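J.: One-letter residues, chain by chain:
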Amino acid sequence: GQNIDQPTEMTATEGAIVQINCTYQTSGFNGLFWYQQHAGEAPTFLSYNVLDGLEEKGRFSSFLSRSKGYSYLLLKELQMKDSASYLCAVRDGDYKLSFGAGTTVTVRA
Amino acid sequence: ETGVTQTPRHLVMGMTNKKSLKCEQHLGHNAMYWYKQSAKKPLELMFVYNFKEQTENNSVPSRFSPECPNSSHLFLHLHTLQPEDSALYLCASSQGTENSPLHFGNGTRLTVT
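One line per chain: the protein sequences are A and B, in this order.
Residue 1284 is where the first sequence starts when you use the numbering used here, and the numbers rise one by one after that.
Residue 2 is where the second sequence starts when you use the numbering used here, and the numbers rise one by one after that.
Hints are computed from structural coordinates only; laboratory data are not their basis.
Any given hint could be a false lead.
[Claimed, not checked] In silico DSS-like links for lysine-lysine, alpha-carbon gap of 30 Å or less:
no., chain 1, residue 1, chain 2, residue 2
1, B, 41, A, 1340
2, B, 20, B, 53
3, A, 1351, B, 19
4, A, 1340, A, 1351
5, A, 1364, B, 20
6, B, 20, B, 41
7, B, 23, A, 1379
[Stated by the list, open to error] Quick look at which bits of chain A chain B covers, simulated, 3 or more residues with Cβ under 8 Å:
no., region
8, 1306-1316
9, 1324-1331
10, 1378-1391
Nothing here was measured: the structure is a model prediction, and the numbers come from that model.
Cβ coordinates follow ideal geometry from the N, Cα and C atoms, glycine included.
Excised from the complex, chain A in its bound form (with noise of 0.2 Å):
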C-alpha cells in the first residue's frame, strides 16, 4: 500500500518561515505535488515536483530527493492568511493520487 507521512499540527509566528516535512513509501512515483486547504474550502494546488530538487514559487518553495523518498513545502514570510491545512500527495505507478493526513499551520501574530 501507499505510505505518506507528514507532521499533524505545525505553529509558526507571522513573517517567519516554516518548513512542512513529507516522507512517503509508494507503489511507483510520477510525481508529488502540495496542496492548500483551508477550512471548510476546496485543497487548492500549490506545486508540482517530479524531479529532485527545488521549485520556487513566490513565497512557497518545494523541494523533492526521489532517493530518499521525502519532500518539503517551505512557507516564508508567513501572512495569517497562510493559517491552513497543507496536503501532500504521490502519484504513484498507476497514476492515482494518494495523500498524506494533512498538516495544520497556525500562524499567530
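Here the structure of chain A is known, so what remains is to put chain B in place on it, guided by the hints.
T.: Positioned in the frame of chain A, the structure of chain B alone reads:
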C-alpha cells in the same frame, strides 16, 4: 466561480434514505474523481472516471454508486448509508496526464443520522 461545482454543500440523511451528490466541471478535463475526507485522515480515493469510463473502484461499498453520463458531470448515488459514512465528499477533475493537478470542488458535507 470555481471550475468544479458540487451540490448540495450540506446534506443530512437517515440510514434508509436515498440521495445523490452532483458534481460539474467547467474546465474541459477528461478525468473526474470522488474522494472521501474524514477528520484527521488522508483523503480516500473512491472512484475515477477517464473519458466517462470508470477506471478505478477503490473497494468502495455498494451503497455508494457512481454515475458519469459525460466528461463534465459526475454523480454519487447514496442508499442505506451508515453513520460512519458521515464525511466531506470531494469531487475533482484533471486533464488525466501525469503532471496535471487535481482541481477540487468545495465538497458536500454529509451527515448520516
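J.: Now, for every hint given, state plainly whether the structure supports it.
T.: Cross-check of the supplied hints:
Taken as a hint, the residue 41(B) and residue 1340(A) pair is honoured in the structure, with Cα atoms around 28 Å apart against an allowance of 30 Å. Between the alpha carbons of residue 20(B) and residue 53(B) the distance comes to roughly 22 Å, so the proposed pair stays at or under 30 Å and holds. Of the supplied pair hints, the one linking residue 1351(A) and residue 19(B) is violated, its CA atoms being roughly 47 Å apart against a limit of 30 Å. Between the alpha carbons of residue 1340(A) and residue 1351(A) the distance comes to roughly 23 Å, so the proposed pair stays at or under 30 Å and holds.
Between residue 1364(A) and residue 20(B), the direct Cα distance comes to roughly 36 Å. Violation of the 30 Å bound is thereby established for this hinted pair. A distance of roughly 26 Å separates the Cα atoms of residue 20(B) and residue 41(B); the hinted pair therefore holds under the 30 Å criterion. Distance restraint check for residue 23(B) and residue 1379(A): the Cα-Cα separation of roughly 22 Å lies within the 30 Å cut-off, and the hinted pair is therefore satisfied. Residue count for the region 1306-1316 of chain A with a Cβ under 8 Å from a Cβ of chain B: 3. That meets the three needed, and the coverage hint holds.
For the region 1324-1331 of chain A, the assignment as covered by chain B holds, since 6 residues bring a beta-carbon within under 8 Å of that chain's beta-carbons and 3 suffice. With 8 residues bearing a CB less than 8 Å from a CB of chain B, the region 1378-1391 of chain A meets the requirement of three and the coverage assertion stands.
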